[in-house]
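Chemist: Single-letter residue listing:
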Amino acid sequence: MPYATHSDAERSAMLDAVGVSDPDELFDIPESVRFDGEYGIEGRSERATRAAVEGILDESPDLTEFLGGGHYDHYVPSVVDHLSLRSEFLTSYTQYQPEITQGFLQALFEFQSLVVELTGLGVANCSMYDRATALGEAALLADRVRQSSGETVLVPESLPDRVRSVLDNYTDGPDIGVDTYPTSGGTVDVDALAARVDDDVSLVYAATPNARGVLEPDLGAVGDLAADHDALFCVGSDAVALSVLEPPESYGADVVVGDAGVLGLPTTYGMGLGLFACREEFLRQVPGRLVGASEDGAGNRAYTLTLQTREQHIRRERATSNICTNQAWLALRAAIHAAWLGPDGLVELAEECVTGIEETCERIDALDGFTAPVYDGHHFREALVDCAEPASDVIDRCREAGIALRTVEDGGEERLAVCVTDTNREQVDALLDALAPETEVPAV
Amino acid sequence: MSQERRERSDDSGEATDPPHQQTRWYAGGQYEPLLSEKRSKSVGVESSLPDDLTRDELELPALAEPEVSRHYTRLSQMNFGIESGTIPLGSCTMKYNPKFTEDVAAHRGNRVHPHRADADKQGVLHLLYDLQETLATIGGMDAVTLQPPAGAAGEFTGIQVAKAYHDANGDDRSEVIVPESAHGTNFASASMAGYDVVELPSNEDGRVEVDALEAAVNDDTALLMLTNPNTLGLFERSIEEIAEIVHDAGGLLYYDGANLNSLLGKARPGDMGFDIMHFNLHKTFATPHGGGGPGQGPIGVGEALASFLPTPQVRETDEGYETYEPDHTIGRVHEFVGNWLVLVKAYAYILRHGDEGLETVSETAVLNANYLASRIEYEVPYGPFHHEFVASADADAGDVAKSMLDHGVHPPTTKWPEIVDEALMTEPTETESKRRLDDLAAAFNAVTGMAEDDLAETPRTTTARRIDQASAARNPRLSWHALDE
Chain A
1 MPYATHSDAE RSAMLDAVGV SDPDELFDIP ESVRFDGEYG IEGRSERATR
51 AAVEGILDES PDLTEFLGGG HYDHYVPSVV DHLSLRSEFL TSYTQYQPEI
101 TQGFLQALFE FQSLVVELTG LGVANCSMYD RATALGEAAL LADRVRQSSG
151 ETVLVPESLP DRVRSVLDNY TDGPDIGVDT YPTSGGTVDV DALAARVDDD
201 VSLVYAATPN ARGVLEPDLG AVGDLAADHD ALFCVGSDAV ALSVLEPPES
251 YGADVVVGDA GVLGLPTTYG MGLGLFACRE EFLRQVPGRL VGASEDGAGN
301 RAYTLTLQTR EQHIRRERAT SNICTNQAWL ALRAAIHAAW LGPDGLVELA
351 EECVTGIEET CERIDALDGF TAPVYDGHHF REALVDCAEP ASDVIDRCRE
401 AGIALRTVED GGEERLAVCV TDTNREQVDA LLDALAPETE VPAV
Chain B
445 MSQERRERSD DSGEATDPPH QQTRWYAGGQ YEPLLSEKRS KSVGVESSLP
495 DDLTRDELEL PALAEPEVSR HYTRLSQMNF GIESGTIPLG SCTMKYNPKF
545 TEDVAAHRGN RVHPHRADAD KQGVLHLLYD LQETLATIGG MDAVTLQPPA
595 GAAGEFTGIQ VAKAYHDANG DDRSEVIVPE SAHGTNFASA SMAGYDVVEL
645 PSNEDGRVEV DALEAAVNDD TALLMLTNPN TLGLFERSIE EIAEIVHDAG
695 GLLYYDGANL NSLLGKARPG DMGFDIMHFN LHKTFATPHG GGGPGQGPIG
745 VGEALASFLP TPQVRETDEG YETYEPDHTI GRVHEFVGNW LVLVKAYAYI
795 LRHGDEGLET VSETAVLNAN YLASRIEYEV PYGPFHHEFV ASADADAGDV
845 AKSMLDHGVH PPTTKWPEIV DEALMTEPTE TESKRRLDDL AAAFNAVTGM
895 AEDDLAETPR TTTARRIDQA SAARNPRLSW HALDE
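Sequences listed follow chains A and B, in order. Take the first sequence: its position 166, counting from 1, is numbered 166 in the working numbering, and each next residue is one higher. Heads up, the working numbering is the position in the second sequence plus 444, with the first residue counted as 1.
Calculated directly from the structure, the hints in this document are not laboratory data. Each residue gets a CB set at the ideal place from its N, CA and C atoms; glycine is no exception. Certain hints may be false.
To be verified - So, partial list: chain B residues that the calculated Cβ filter (under 8 angstroms) puts toward chain A:
(1) Leu-493
(2) Arg-499
(3) Pro-505
(4) Ser-520
(5) Asn-523
(6) Val-548
(7) Gly-553
(8) Val-568
(9) Phe-631
(10) Ala-711
(11) Pro-732
(12) Val-788
(13) Arg-796
(14) Val-810
(15) Pro-903
Unchecked claim - From the structure, some residues in chain A lie toward chain B, with a derived Cβ separation under 10 angstroms:
(16) Glu-10
(17) Val-20
(18) Arg-44
(19) Leu-57
(20) Asp-62
(21) Glu-99
(22) Leu-108
(23) Pro-174
(24) Ser-250
(25) Gly-342
Construct the complete structure from the given sequences, taking the supplied hints into account.
Modeler: Here it is, written out as structure tokens:
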């Protein structure tokens with residue numbers, strides 16, 4: 001075993017010290033439940049292991065992806081890998097001893113500060129699992145702080161099934177109901193929502209950009225409806241979009257959830273970094289870890305995990321969440337990426353997410369047999385596209401050309417969904433070629 | 445393009461120099477200011493979007509790459525990882541992580557979008573399938589889901605699966621039994637799933653009191669959650685009897701995998717009668733904890749529960765690998781498959797070790813724990829131990845921990861489990877050498893008998909002195925925005 005470092009002599013000395021002749025004697029396991037079989041795994045060298053695993057990973061073809069749907073690829077600068085992979089960060093544990101983990105604590109404090117700046121809300125935690133579980137936690141938070149009133153969470157009918165499914169699991173225990181409200185023209189149908197929301201509602205959720213890639217035009221009205229019924233207003237967004245969008249706090253958001261992994265995290269088969277911020281009055285009900293500034297014995301500023309009495313290792317079944325291991329290292333990566341971009345770079349990246357999809361839609365719309373975008377409104381990164389032929393045929397044709405696209409079920413129709421970011425913008429020509437091979441690709 | 449469409453008010457923000465006048469905070473180096481204290485900038489946001497959708501300004505640090513790089517390098521120097529020294533935190537299994545797994549994780553085949561069609565992500569599905577089958581074998585389980593993104597998420601998933609199973613049998617059960625020595629996450633996960641938690645006391649030798657269990661179990665018992673060996677490092681020798689009692693009452697038995705590192709090649713939860721278990725891949729199979737995560741908490745179940753697992757699952761067909769939805773699935777607990785890279789690293793770790801290597805992992809972890817226990821001058825109640833033990837400090841365990849910091853080691857877990865006075869819960873893992881274990885024992889022993897006043901003055905040599913955690917909670921300042929107030 002290559003990572004245990006005892007020599008034979010040392011091992012013998014240790015066995016002598018504990019008074020056995022073989023380590024197996026230390027296993028206090030009844031014979032009847034001893035495992036005498038084999039797993040059937042043959043150990044191999046490091047080189048052979050790498051070859052084996054990389055050989056399997058190579059079975060996925062190289063494709064140019066225009067896939068979004070809640071998971072977005074942005075260029076991650078090299079500095080993120082180089083710094084986050086420093087082993088003092090990578091191989092450390094939860095900061096239970098703050099005197100020797102000031103570095104990570106400060107980085108998490110800075111991540112929280114970034115999220116506070118982006119959302120406008122007073123409190124941000126550092127590192128939930130992903131946007132779907134963050135929404136689940138928001139529903140549980142609403143249930144705790146609105147105990148006297150509502151027990152229903154309202155979400156738009158366009159909420160992706162897989163997010164809804166996570167939410168359903170989270171709300172199952174406290175018996176919170178989840179119900180949908182309609183959208184029209186690709187955005188929240190405010191009138192229909194007004195007709196639906198009542199005093200039984202504890203939380204109203206709306207995302208911007210939403211599941212159709214459209215920026216919601218009037219979230220203030222949604223917030224007002226929530227407030228009128230003493231429900232929390234939860235906004236879903238992501239760290240890049242929030243760099244240019246109005247801070248959700250300014251139009252009445254009580255909670256913001258979403259994805260912070262758009263910074264620092266490549267498209268890694270759906271790994272996530274949940275974003276979670278809320279109003280300061282809910283501080284003691286916040287799920288997950290919080291880092292606070294304090295002082296050390298010499299009177300200097302220092303950082304520490306704080307308000308731990310909310311957490312499962314202290315409050316057990318009365319904890320605000322069961323989160324223990326979380327996404328701390330990914331929060332570090334997001335913070336480094338944001339620091340590298342700075343405010344100018346963040347705004348520039350967000351602008352690319354607006355102009356990239358806008359231009360791509362214009363060009364797709366110019367192709368025979370395609371309409372883009374399906375919905376009016378300002379888009380961010382992605383849009384739905386209608387096509388004259390069956391969407392699945394288009395998908396297959398694109399696949400032949402090495403391009404991955406997906407469809408979305410929308411209003412009873414299968415529509416194409418196209419996602420453009422800084423990492424695939426230069427391949428839009430190839431996308432247009434694949435969509436309409438007979439047509440000359442219109443220029444920008 | 446976007447640059448031309450927008451003007452920036454570059455100079456609206458104040459570019460200030462770092463507050464060098466600050467006292468030096470940290471031994472061995474100078475204080476590292478917050479990024480916001482180095483150079484912040486407020487940019488006016490003028491985008492191609494209409495004004496009513498956009499913010500007026502964004503104020504954040506604005507530094508060139510060299511300064512960003514220096515900042516985080518400095519922060520890393522103010523942080524302690526397993527390669528800085530031993531981290532013998534009980535139940536956390538902080539072992540050395542093989543370096544090559546990071547290179548495997550950097551392979552381009554990992555950068556696959558989760559919305560690809562099955563045919564376009566065969567590499568991902570192949571690895572998921574192999575890993576789920578391998579974990580099923582290691583756990584003695586019939587089916588495994590890899591979806592939960594952490595151990596506690598695995599607990600929650602397992603409890604949801606159990607609930608769906610009971611529901612399907614028309615069986616409405618409201619209680620989950622958890623031993624008092626269990627991980628706090630067990631209580632929290634059961635409560636989150638809507639169950640009442642029934643706490644089970646330990647008996648005189650630190651194990652489950654079978655009579656008390658018999659008294660606690662009834663028609664409302666959905667689940668008993670147990671880790672074996674338990675958090676005192678003790679194997680629950682009556683496990684078969686325990687399983688029988690729970691099963692006879694119609695309940696299910698849940699295995700908390702936090703302590704699986706001591707059973708590889710020796711015993712399997714499935715063989716002991718457990719119906720559901722979670723694996724902590726970041727512990728047992730050595731993927732870095734990264735300052736608190738990401739982790740990954742797959743769960744394994746027996747055949748009767750397989751159809752309730754989260755969707756999607758992966759199966760092998762003649763044409764390759766495909767995803768499918770189990771018949772009675774509970775749905776999803778994460779949008780995709782949790783932390784994919786942790787799965788890759790764990791898989792690589794398992795292949796590298798093989799049967800023999802994995803068994804050696806457990807043997808060495810257990811030998812190391814017992815050796816260390818024999819070397820420290822503290823009372824260590826109960827026994828014999830598996831991969832961790834709980835010593836009882838002769839002073840406040842929190843103070844003892846702070847003093848140990850001055851000896852260059854990370855202290856053990858303190859004040860838990862509560863059944864041992866001033867508990868120091870210690871798990872050295874298999875990757876510590878005899879030399880390091882002797883150092884660790886010396887660090888423990890150096891603290892014994894220290895005067896209370898001296899203890900209270902520690903640590904003296906760390907980057908920060910003793911931190912006032914009470915005032916941090918009384919006066920929460922959680923972002924740089926709050927520091928000016």
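Chemist: None of the hints should be skipped; say for each whether it holds.
Modeler: Hint by hint, here is what the structure shows:
Proximity of Leu-493/B to chain A holds as hinted, the smallest CB-CB distance being about 6 angstroms (cut-off 8 angstroms). The beta carbon of Arg-499/B comes within 5 angstroms of a beta carbon in chain A, closer than 8 angstroms, and the hint placing it at the interface holds. At its closest, the beta carbon of Pro-505/B sits 6 angstroms from a beta carbon of chain A; the interface hint therefore holds under the 8 angstroms criterion. Among the interface hints, the one on Ser-520/B holds; its C-beta lies about 4 angstroms from the nearest C-beta in chain A, closer than the 8 angstroms criterion.
A least Cβ separation of about 3 angstroms between Asn-523/B and chain A falls short of the 8 angstroms threshold, and the interface hint therefore holds. The beta carbon of Val-548/B is positioned within 8 angstroms of a beta carbon in chain A (closest approach about 5 angstroms), and the interface hint is therefore held. Hint status for Gly-553/B relative to chain A: holds, with the closest Cβ pair at about 3 angstroms, below 8 angstroms. The closest approach between the C-beta of Val-568/B and any C-beta of chain A is roughly 6 angstroms, which is under the 8 angstroms cut-off, so the hint is satisfied.
For Phe-631/B, the interface hint holds, since its Cβ comes within 8 angstroms of a Cβ in chain A; the closest pair sits about 4 angstroms apart. With a least beta-carbon distance of about 5 angstroms to chain A, the hint placing Ala-711/B at the interface is held under the 8 angstroms criterion. The interface hint given for Pro-732/B is met, as the beta carbon of that residue sits about 5 angstroms from the closest beta carbon of chain A, less than 8 angstroms. A least Cβ separation of about 7 angstroms between Val-788/B and chain A falls short of the 8 angstroms threshold, and the interface hint therefore holds.
For Arg-796/B, the interface hint holds, the least distance from its beta-carbon to any beta-carbon of chain A being 4 angstroms, beneath 8 angstroms. For the restraint placing Val-810/B at the interface with chain A, the shortest Cβ-Cβ distance is roughly 5 angstroms, inside the 8 angstroms limit, so the hint holds. Restraint check, Pro-903/B versus chain A: the minimum CB separation of about 5 angstroms is within 8 angstroms; hint holds. Below 10 angstroms, beta-carbon pairs count as interface contacts, and Glu-10/A has one with chain B at about 4 angstroms; its hint therefore holds.
Restraint check, Val-20/A versus chain B: the minimum CB separation of about 8 angstroms is within 10 angstroms; hint holds. For Arg-44/A, the suggested interface contact is upheld, since its CB lies about 6 angstroms from the closest CB of chain B, less than 10 angstroms. Look at Leu-57/A: its Cβ gets to within about 3 angstroms of chain B, closer than 10 angstroms, so that hint holds up. Below 10 angstroms, beta-carbon pairs count as interface contacts, and Asp-62/A has one with chain B at about 8 angstroms; its hint therefore holds.
Using the Cβ-Cβ criterion of 10 angstroms, the hint placing Glu-99/A at the interface with chain B is satisfied: the shortest such distance is roughly 4 angstroms. At its closest, the beta carbon of Leu-108/A sits 8 angstroms from a beta carbon of chain B; the interface hint therefore holds under the 10 angstroms criterion. Below 10 angstroms, beta-carbon pairs count as interface contacts, and Pro-174/A has one with chain B at about 6 angstroms; its hint therefore holds. Annotation: interface hint on Ser-250/A holds; nearest CB of chain B at approximately 8 angstroms, less than 10 angstroms.
Annotation: Gly-342/A was flagged as interfacial toward chain B, and the flag holds, the nearest CB pair being 4 angstroms apart, inside 10 angstroms.
In terms of the numbered hints stated before, the structure departs from none.
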